[in-house]
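*Asks:* Here's the letter readout for the chains.
There are 2 protein chains.
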Amino acid sequence: MENMIKVAVDAMGGDYAPKEAVKGSVAAVSEKENVQVLLVGKQEVLEQELSQCSYPKERIQIVPASEVIETGEPPVAAIRSKKDSSIVVGMKMVRKGEADAFVSAGSSGAILVGGTTIVGRIKGVERAPLAPLIPTKEGVSLLIDCGANVDARASHLIQFARMGSIYMEHVMGVKKPRVGIVNIGVEEEKGNALVKEAYPLLKECKDLNFIGSIEAREIPSGAADVIVTEAFVGNVILKLYEGLGNTLLSKIKGSMMSSFRSKIGALLVKPALKKTLKGFDASQYGGAPLLGLKGLVVKCHGNSKETEFKNSIIQCISFKEQRISERIGENLTVAEEK
Amino acid sequence: MENMIKVAVDAMGGDYAPKEAVKGSVAAVSEKENVQVLLVGKQEVLEQELSQCSYPKERIQIVPASEVIETGEPPVAAIRSKKDSSIVVGMKMVRKGEADAFVSAGSSGAILVGGTTIVGRIKGVERAPLAPLIPTKEGVSLLIDCGANVDARASHLIQFARMGSIYMEHVMGVKKPRVGIVNIGVEEEKGNALVKEAYPLLKECKDLNFIGSIEAREIPSGAADVIVTEAFVGNVILKLYEGLGNTLLSKIKGSMMSSFRSKIGALLVKPALKKTLKGFDASQYGGAPLLGLKGLVVKCHGNSKETEFKNSIIQCISFKEQRISERIGENLTVAEEK
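Top to bottom, those sequences are chains D and R. If you're matching positions, the first sequence starts at 92 in our numbering and goes up one per residue. If you're matching positions, the second sequence starts at 92 in our numbering and goes up one per residue.
Hints may contain errors.
One copy or two, it doesn't matter: identical chains are merged, so the pair holds either way.
Quick list of in silico lysine-lysine cross-link-like pairs, BS3-like style, CA-CA up to 25 Å [said to hold, decoys possible]:
#	residue 1	residue 2
1	K133	K266
2	K396	K110
3	K133	K361
4	K342	K369
5	K330	K342
Honestly, the hints are just simulated from the structure, not real lab data.
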């Protein structure tokens, strides 16, 4: 098939490897006709897993890789030494054009390092940001950067804003995405040195719908579609989202089980509550793309299950069809020349 | 009375001034015998408000101040020019020893600037951090710094850790408070330049119970008693706490009202739920102390009502009785000499 999108999937990464990666791959090829999965990992193990599944055989192929990069390993050394690891093998396929995208729930550090050193940045891109979608009251926003690019410079933030805008417009279908920069107040003179430097530069970008500073308080209400920040702050936002959501929900559950009366009530509210909270479940949206690379790399949560793998694989289709990498390359080149 | 604690209260600060500040003051002197409130603001307005309340007359006194610093005003200029504002008048009383503490729900910027320039820092304190208590699964943690000290240096973070530890031990009664530094991973080599510099210095502080890095995900579960971070990140954490809590609760409320079945259920779970969520309501804990000053300054939320004012005033009693400012001075001097 001509328009088949080829996605290399790291079958060895994540807490539930290889089972959930395999199940997610099977689900993805069953749901979408124009995707082919290249399952990277230990051949025998994967053959065994796949033998238990039913799926169109021609659309899942095993690509052998004998090594696994563990989460605790120092990323740079791991990428260099484990040439036959699922991450290195999968990323090399993207670099060579044998795959359009690579999906992994493995070591974040190794994925970030491998993305830059193996897949490589698009010409003009200074740093490749990790950009997860986070749930909001109204839908989702893109939080960019949550990666390893700590101590970013203002010029990086401008590129993050551009890449995030392209992603939200063409993958998520948001017209003129509102771009906000995370700040500690909405007045223009507020902020740390980085934000004060980036703010006027963002304001000058005529190609962006820059709405100014947003305070962290406004993020969950969906005040911006693209939330620009450097990686340390982005990581804090992402992880606090997770932690606070879990703590609040466990407290709410606990309180509902505290008396006979509330237990009965809990049974009655449960279906409605479940539906609502599903909208706040990050796994729905698949993994986070690492933007600005010569091919797509998607980082899934370490605890990803079938659904997140499936959605991450499906996400690669629009990314490829919408030519996101090409658009980023063109946009940044034009912006540079101006 | 010999051990009477004198608290100057900014009656003109906050969204509900002067009514809620006055009500909170009346509630505080009614609840605690050893506190006297000096209500700072427009005399006629305050006389009018107080005339509607019943309280021990000798324990609330009006201190006239004709001006008000508005939230939007540039803080430095406002503190300089509005000499007869409630913030400047109240803080001067602390500096002169006419009051032990100052409580205000007014302009954060003006309170931070005034704290340093009028009340003044304790000798040896490089920066005065704003340190709110935030709710966790188990109780509360102190988040230090959430103030205006952006672009902090490592030496500041070490002092924040010490001041926060003293506060949690002597005001909140936590033995050997666990001190954690906010980071994007738990490994020692992780972090931005600031955290990498501060981490080994914190590890060397034998007077602290330093437990290492904590990720934002672990904050709500109560992984540390004192959460050390620079102000930009602290502000993001504090405000995201607020925003995410509100969004989740409004979604939960909405889902409970979505069907007849869930409405009935909601009625049954409401009492238990309300009790639980109260534990996650920051107003319970009073305002945030600005630590490291020659007297106590407490910053309340702009939307503070009676309870937060009352609790903030009462908080000043243990702060004074436990000699927190003196302990901070002694501790930092000893640490310096080592």
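*Asks:* Honestly, which of those hints from before does the structure not fit?
*Replies:* 1, 3
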